[in-house]
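J.: In case you want the letters, here they are:
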Amino acid sequence: MPIRTEPVTINLGPQHPSTHGVFRMRITFDGEIILDVEPIFGYLHRGSEKLAEERTYTQVITLTDRLDYVSSMSNNLAYVLAVEKLAGINPPERAMYMRVMVAELQRIVSHLVATGFFLNDLGALATPLMYCFREREKILEMFEMLCGARITLSYMRVGGIFQDTPPEFWPVLSDFLDYMPGYIDEYERLITGNEILLSRTKGTGILSAETAINSSISGPVLRASGVNWDLRKADPYDVYDRMEFDVPLGTVGDNYDRYLMRIAEMRQSLRIIEQCADQIEDGPIKANVPALVRPPIGDAYGHVEAPKGELGFYMVSDGSIAPYRFKIRSPSLLNLSALRDMLVGCKLADMIVTFGSIDINMGEVDR
Amino acid sequence: MYGLGIAKGLTVTLVNLFRKPATVQYPEEALPQSPRFRGEEFVWYEQRCTGCASCAKFCPLGIIKIETHPGGTNVQEGQSFAIDVFDIDIGRCMFCGLCVEACPYDALFMGSGFERGTYRREDLVIPVEELRQAEKRPSTWFRPQLEAKKYSPQTGQPLSWEEVGR
Ligand code: SF4
Ligand code: SF4
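Protein sequence lines, in the order shown, are assigned to chains A and B.
For the first sequence, the working numbering assigns the number 1 to the initial residue and increments by one for each residue that follows.
For the second sequence, the working numbering assigns the number 1001 to the initial residue and increments by one for each residue that follows.
The hints are simulated quantities; they were obtained by calculation from the structure and are not laboratory data.
Please read all numbers here as calculations on a predicted model, not as lab measurements.
Backbone N, C-alpha and C define an ideal beta-carbon position, used for all residues, glycine too.
Do not rely on the hints blindly, as some may be mistaken.
[Stated by the list, open to error] Below 20 Å or equal to it, Euclidean Cα-Cα: the simulated DMTMM-like pairs (lysine to aspartate or glutamate) are:
1. B:K1150 - A:E141
2. B:K1149 - A:E168
3. B:K1057 - B:E1135
4. B:K1150 - A:D164
5. B:K1057 - A:D175
6. B:K1008 - A:E188
7. B:K1020 - A:D178
8. B:K1057 - A:E93
9. A:K327 - A:E141
10. B:K1136 - B:E1147
11. B:K1008 - A:D164
12. B:K1008 - A:D185
13. B:K1149 - A:D164
14. A:K327 - A:D341
15. B:K1020 - A:E141
16. B:K1020 - A:D164
17. A:K138 - B:E1029
18. B:K1008 - A:D175
19. B:K1020 - A:E137
20. A:K286 - A:E93
21. A:K138 - A:E93
22. B:K1020 - A:D235
[Unchecked claim] Only part of the chain B face toward chain A is listed, based on derived beta-carbon distances under 7 Å:
23. V1024
24. C1052
25. A1056
26. K1057
27. P1060
28. G1062
[Claimed, not checked] Rough simulated footprint, nothing fancy, chain A against chain B, three-plus residues with beta-carbon under 8 Å:
29. 1030–1036
30. 1097–1108
Kindly produce the complete structure, drawing on both the sequences and the hints.
T.: Right under this line is the structure:
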């Protein structure tokens, strides 16, 4: 006689160390198998979109820092691109190179954090995380040199960047470009071939290319499923059209592919930074923009390939000094929407790993 | 062979065991800061300040409180407003530096400190008296004239108001 069983529903979070912030999942299990996942978010809602409506275009930059707080350079970039499109401003060359360079440094930071916490979620407690954070710290020090802050940077301005690069930045950058490939090799030696990692991540949390496209996934999660879509190639902004780099692609779309994507993208980022440092020339760093930007009436959408996916800002201007409507398309929120498709049918132990492999940031999910 | 990957990984941890530590023991030893560091303890030069309140208007949070009365004299601008209150509530400040960027007279600078911890929120308001008397080591953030002099707030001398203009 079969034993009568019942599905069990449990709540994970919102205060849970593995949910990378205040995130809650309602999960229904049949024994160890996941039947259903319902992500519940909104615990970190700060109303950034509404707050932006009563701030000037320059002041909104500080709000964008706080969306995805591990990659504020990319947020700054997406925002200033949108305003520049709205107001028809062309930034000078040097500023464009600087912006691409810091955005790529920020991509490395974000991927280091993602890789570190992904391994933390797998049970490799703290050791790989600390190795990743050691190199992240070097980049944060460079950011401090550039703009005096480490996390909430407010580096970019509409029409360029706020101040020119200090001379002591360049030797530090070239040192970094020398030793960083060695450290990435070291992470790979430490992790990539590890049998425990392989057995835990291969074939779990699979996201098919079709589902990924249908649920509007972007970034490394999409490319791990084998879809070749990178805004830096598809719709080049700033000086990406002059850069030579490859878009790494996965095959299966499992957790392992998503991890490999991030490692491969870090190498490509280093290539881009190197080319930027070679090509950059002296010149002005900011277009002639008044302190209070007043874009003409109209709307614009600016987007970048942020470390986590396509980050876009949609703005409507009524001709005043503040946006009339401000909308954020955040990659973390949309990538999270595929969580259910990845998890149904998996085991309990794969849940946190899969969640970690999407690399979300609650500041951006809830805005 | 099974286990080879783990063994390879362990060599990495072994190498790291003999590396120089990346951390320092903080209160005894502090990491060097960059001169542009946007710290607490704003540096304000009353002699340069005209009471125009651009800084207060540019602050996204509106946490700079300025009260003036007509009748002061400013060394640069002549007849001007005298400052009665210039309080900065750093309990809400996010150290974005937009106020410093907005100041047209080079009167306000970011500071370089980071150790102003208090037990009460009220103590986090920097009153005007404290700003007047504080030792002035301005950060070079958004002040290229200080950067041109290779000034560093961490190692350099306090600057008087004549030395910080452009
Ligand atoms: S640093 Fe930013 S938040 Fe702080 S007082 Fe200045 S403008 Fe306001
Ligand atoms: S500090 Fe500068 S911006 Fe603020 S009131 Fe004084 S002169 Fe004006």
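J.: It remains to establish, for every hint, whether it holds in the given structure.
T.: Taking the hints in turn, this is what the structure says about them:
no. : hint              : verdict
1   : B:K1150 - A:E141  : holds, 19 Å
2   : B:K1149 - A:E168  : holds, 14 Å
3   : B:K1057 - B:E1135 : violated, 26 Å
4   : B:K1150 - A:D164  : holds, 14 Å
5   : B:K1057 - A:D175  : violated, 41 Å
6   : B:K1008 - A:E188  : holds, 10 Å
7   : B:K1020 - A:D178  : holds, 18 Å
8   : B:K1057 - A:E93   : violated, 31 Å
9   : A:K327 - A:E141   : violated, 32 Å
10  : B:K1136 - B:E1147 : holds, 16 Å
11  : B:K1008 - A:D164  : violated, 44 Å
12  : B:K1008 - A:D185  : holds, 12 Å
13  : B:K1149 - A:D164  : holds, 15 Å
14  : A:K327 - A:D341   : violated, 26 Å
15  : B:K1020 - A:E141  : holds, 18 Å
16  : B:K1020 - A:D164  : violated, 33 Å
17  : A:K138 - B:E1029  : holds, 18 Å
18  : B:K1008 - A:D175  : violated, 27 Å
19  : B:K1020 - A:E137  : holds, 15 Å
20  : A:K286 - A:E93    : holds, 9 Å
21  : A:K138 - A:E93    : violated, 26 Å
22  : B:K1020 - A:D235  : violated, 44 Å
23  : V1024             : violated, 12 Å
24  : C1052             : violated, 13 Å
25  : A1056             : violated, 13 Å
26  : K1057             : violated, 9 Å
27  : P1060             : holds, 4 Å
28  : G1062             : violated, 10 Å
29  : 1030–1036         : holds (count 4)
30  : 1097–1108         : holds (count 4)
In this structure, the hints that do not hold are numbers 3, 5, 8, 9, 11, 14, 16, 18, 21, 22, 23, 24, 25, 26, 28, in rising order.
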